[in-house]
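Chemist: Keeping the supplied structure of chain A fixed, place chains Y, D and V upon it in accordance with the hints.
Chains as they are written, first to last, in full-length UniProt numbering: chain A, 1 to 363; chain Y, 1 to 363; chain D, 1 to 363; chain V, 1 to 363.
Among the clues, some could well be false.
Note that identical chains are pooled: a pair holds if it fits in a single copy or bridges any two copies.
Only pairs whose alpha carbons sit at most 30 angstroms apart, straight line, appear in this in silico DSBU-like list of lysine-lysine [stated by the list, open to error]:
#: 1; residue 1: K266; residue 2: K99
#: 2; residue 1: K261; residue 2: K313
#: 3; residue 1: K283; residue 2: K338
#: 4; residue 1: K363; residue 2: K99
Quick caveat, the hints were computed from the structure, so don't treat them as lab data. Since this is a predicted model, take the numbers as computed values, not measurements.
Protein chains: 4
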Amino acid sequence: MVQLALIRFEAACNNSPTARNQGIYTGLPICQSLSHSTSVRAGSAMGKKLLVDVDCGVDDAQAIMMALAVPDVQILGISCVSGNTTVDNVCKNVLRVLKACQRPEIPVFRGALKPILGNTLSAGHFHGQDGLGDAPDPKAPGLDRIQKEGAVAAMVRIASEHAGEVSLVATGPLTNLAMALRIDPNFPQNLKGLYIMGGNTDSRGNSTMCAEFNFAADPEAAYIVLNEFLCPTYIACWEFTCHSKLPWEFCDVWLAQDSEKARFMKRIFQHSMDASRGGCFQKEMVAGDGFVSCDCYAMAAAIDDSFVTAFHKVAVSVELTGTYTRGMMVLDTQELLKKKHKAFVMEQVDLEKFKALMMAALK
Amino acid sequence: MVQLALIRFEAACNNSPTARNQGIYTGLPICQSLSHSTSVRAGSAMGKKLLVDVDCGVDDAQAIMMALAVPDVQILGISCVSGNTTVDNVCKNVLRVLKACQRPEIPVFRGALKPILGNTLSAGHFHGQDGLGDAPDPKAPGLDRIQKEGAVAAMVRIASEHAGEVSLVATGPLTNLAMALRIDPNFPQNLKGLYIMGGNTDSRGNSTMCAEFNFAADPEAAYIVLNEFLCPTYIACWEFTCHSKLPWEFCDVWLAQDSEKARFMKRIFQHSMDASRGGCFQKEMVAGDGFVSCDCYAMAAAIDDSFVTAFHKVAVSVELTGTYTRGMMVLDTQELLKKKHKAFVMEQVDLEKFKALMMAALK
Amino acid sequence: MVQLALIRFEAACNNSPTARNQGIYTGLPICQSLSHSTSVRAGSAMGKKLLVDVDCGVDDAQAIMMALAVPDVQILGISCVSGNTTVDNVCKNVLRVLKACQRPEIPVFRGALKPILGNTLSAGHFHGQDGLGDAPDPKAPGLDRIQKEGAVAAMVRIASEHAGEVSLVATGPLTNLAMALRIDPNFPQNLKGLYIMGGNTDSRGNSTMCAEFNFAADPEAAYIVLNEFLCPTYIACWEFTCHSKLPWEFCDVWLAQDSEKARFMKRIFQHSMDASRGGCFQKEMVAGDGFVSCDCYAMAAAIDDSFVTAFHKVAVSVELTGTYTRGMMVLDTQELLKKKHKAFVMEQVDLEKFKALMMAALK
Amino acid sequence: MVQLALIRFEAACNNSPTARNQGIYTGLPICQSLSHSTSVRAGSAMGKKLLVDVDCGVDDAQAIMMALAVPDVQILGISCVSGNTTVDNVCKNVLRVLKACQRPEIPVFRGALKPILGNTLSAGHFHGQDGLGDAPDPKAPGLDRIQKEGAVAAMVRIASEHAGEVSLVATGPLTNLAMALRIDPNFPQNLKGLYIMGGNTDSRGNSTMCAEFNFAADPEAAYIVLNEFLCPTYIACWEFTCHSKLPWEFCDVWLAQDSEKARFMKRIFQHSMDASRGGCFQKEMVAGDGFVSCDCYAMAAAIDDSFVTAFHKVAVSVELTGTYTRGMMVLDTQELLKKKHKAFVMEQVDLEKFKALMMAALK
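Okay, chain A solo, but in the shape it has when bound:
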């Protein structure tokens, strides 16, 4: 049985009425037709400028390393937010990743300590207590390396200085983004694009019953971002990342590369791999066992416009008041909300490109 509302590349190229009616687009037509796409956005990453907002657990680390490995991608700053672990741990983890990649010049900013309402959700230590596999590095850089400027102020400033040129990749709770909007209402329109890992399409929760962790950790922030960020918004939801998993065999090869980066990754990833493969987190998995590096799908989409081969273009929002569903992303497939702004919800990707980006990350 083919997954609902998924049209393959070939069908869409035929411009079938069904595809158009259901608001489904594939990679190529989007590149050609989207009105916001004025600059060159080919498969190459020529001159891509990124802001990266993370709650740096292991898959955030993988996503940062993926971006650092692409020659034409420029990371203007990395902002930290509480999520997988405390914001101080997140800051330390980002510094460690940058050190492992020998890129200490990239500025790192401390952001929100807590979600908007202040009630912290436990991440359940999938990534270890420190968010990076509890594999401490005695020579890790200190917090004095963090910028004095706060994350929200820095995000607003950088987006303004590079208005229309910078894409924001958000792989944690969206607290900093929501704050940036309230500080500067122009923040979203200064962005070229927004790439989010978070949310659900099919009500399959991985932390609460129906909600994905990043959205469940700060539902109000997710609500604000999905409703008020009117820039082009691309979302890698939890179920999508599960369906796009890689085999563990790939992971073995990936980690076996003879490089400092690969050895670093092996150390910090061991904890999560043990947890995953040991079956503790099987109930959360939507499509069975496998290597799901959630945040990397959002990053890959930001890096390479041809990575995503099918989107569901649909208005989205977030449930705030549900007993079982608080934090769940909702899709307005019936267009009951009458929203003009639609998000691009990722449906299908080029896994060969993904593997290539992943391999490069640890070279």
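Modeler: Only chains Y, D and V this time, still in chain A's reference frame:
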């Protein structure tokens, strides 16, 4: 891409670990293994006793006619509930269906005028204002043919008189069922099985943003039934019925049969067909255009134990407080609710059997 | 400072514009002006017929005994509902009260085991585990004395047999009443009046943060009753009963009467008195320490039309979805709900009459 | 009937057990006993430093003018927030007030355009469309006079520069305050005190059914502030301001003063007075007709420590999810939330002092 959590008959017969871990069952193993199944429950419908609770729109009518056409099925009573139309219209519609099938002896009971909280949800007149395609019959039986005994009292009495032998098929809002439980706490355990058309598995709404009509029309009743009916419970959800649709070509052949029943169906179905095929309801459809007789899937499952070939065995409940998700069925795939009672959520059916049952209904 | 929206008898007799504008009525004008009041409803209780619905804790017992002591009051039946204790304990407690008053002929009916949604709220054992002070009576009547007819069916039948003549006094969760409405939509209009102990006027909770026990124990039932019972509805809310408390000195005199009834009351009341006077429940009390027999205010209002001297006439409803406020009664003072039906929320009573009714109850 | 939980000065001085048990304090004992009160906080306003956060309607203007008229009070900055009118109108209104008082040197900062969730609540134009009585001034200062620094950044900076010395008076929705906390977690503890006009004590709404405007306009912000600002917090709730109203006769004398300020006030107040006295807003009023300058009670409390003569010391929070009660302040009188931090909810004030402060404001 294969739909999540769906294991085909063959795989399950192999008793693959994946299938067992994910609580997925197929028709045959269920018949053999379920502890509650003491009587003969083979593909034949030998001696099946049914109570049918309907909000008789056109697909309820189709479901009733399907059951009436199976020789060994005995309908002990039909209880009516407000839903697709007012309860008085529902009563009239059921009487018309029984007349068309020349089965006026089956007792019909009037049930709840309103959902539990009293706030009626409009059915949007998909089935016409009168619920039966606005194709009035001047010779239709009058409401004096309705039993004096109320639906809830009758359901409680009949279930008690045939304790352990009667299956309840519910194709409307679950108001009467919830009331019956509060009147007689033994009501659920007197049932051999409960077959429901209603609810969602993937947050795809057909009346509100995330909720299916029968559950959205009385979320409290659905909550009560899913949480307190501890009898074997089989659910045909909205997305499942969409994925299991028949081609319109089948419908044409079906209606073209030379019989009074087929001509009756053609008259009452015209309105819905025009609405469906005209595209007005396309946005609601989950898996594209087609002939989706929702209620018939629940009825077929009650009639023929071998009809359903794959279930998802999972604890379920209903969201009551969500802004976008009120009335949405939730699946506790992570077992966070610690509920012992699991429902059998239909995943895959034998469509050839379904076509045969459908054809027979109008013969 | 005079309590808001409270106009004394004298002011109202002057028909001051303020009083009329604010929908405030006093006892006498109501008797003369209310359109539903066709029969004689003077201070005397001539021919009063009552249905009493209780979750028989100690103050329910006091209310029943108050009614039994008034010559012209006829109790047609007592229906039991889960609340202060299990419905079986409630049934036993009512039988004990009737035995203590030598009125075993009054029929007692078993009602709902659970509130509508099925989630039971603990009453915190203010009235003891058995609801009647944990002072067991080895000679107490057995449950075989309970009627075979269920409470809801009996309430519907009795109200229908005495249409327009019977007042319903409800001193527990309103589950049975809500059920009776769904079974017989005419049930409310068959009632002459409805007298409720329950709900709040000022968001002062006594079981949850903002909700009174009877409403918090079944918020859906309270919602249904306040929104769909269009008969004259009189409500003794929690804060009102606190403000109308009697001094403990009165209680001492009351219990010191030389009668079987007084000795019975002393036994069953000891537990609650110890709890109250010991300070354990001080935080719940709205207006300081004192003897608050909540249910008796609703009963006294039903018995004697001149008992209540000031009402607030206002549309009311119940909050169902609040985190802190679920079960809280809400007053629509700004008329935002546009409801025609207004309740009479008790504001001031004749305490001398109350004392007289109380004293008579134990004579 | 005396208002609940109100103990007069005399009673409290006697240290009556009731007063202590119920957490009620009067002005003097608070001054003497509160541990946070290290500096001189006598009736004089010697050296008081204020930050003022407003959604400048007419009563905000009155509050600002009250503070400007007290010699020893120093306003370090006025931050603007959307509420009674748009944030740009608020900015203009504050500039007009400062001009009318010849205090153009006080810095004014633009804050949040929208509440946290982004959904604006209409203020119903009680203060006119422009928030200041629709009495435009062609010579009003332009928005170029607004500081370039944003309100949140300025609040954080000023509180840090004057740590422990500055009191914050908030008379609009609490958006800016909540933002400041997330930008700088130390913000609350840098404040000497927080004085809020907003919220309810008795569920009497003035904009929605149960909620006061400032809290209803941004419930999330109110929730954050009441739960995370651990500085001494004084709240002038809606019902309290209604009970503490002044007679319209006072208002007439007040406005009749021969001064520029009085003439300015008369112009901008005419619209609200017409609305109030014309009866359009009578239904909202809790304690009958009168002159209720809500924001001035919070300001007077910040200016003069002896102004408030009775508080209710109680933990408070805000309902976020209620259907009728969203935005309602809740009092945890039963201490169910186990919160250590208690707010000082104003119960009784010295109205003579209030009149004197009011008169001085327009001199």
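Chemist: Does each hint hold? Answer for all of them.
Modeler: For each hint, the structure was consulted:
no.: 1; hint: K266 - K99; result: within (16 angstroms within a copy, 66 angstroms between copies)
no.: 2; hint: K261 - K313; result: neither (37 angstroms within a copy, 43 angstroms between copies)
no.: 3; hint: K283 - K338; result: between (36 angstroms within a copy, 13 angstroms between copies)
no.: 4; hint: K363 - K99; result: within (15 angstroms within a copy, 66 angstroms between copies)
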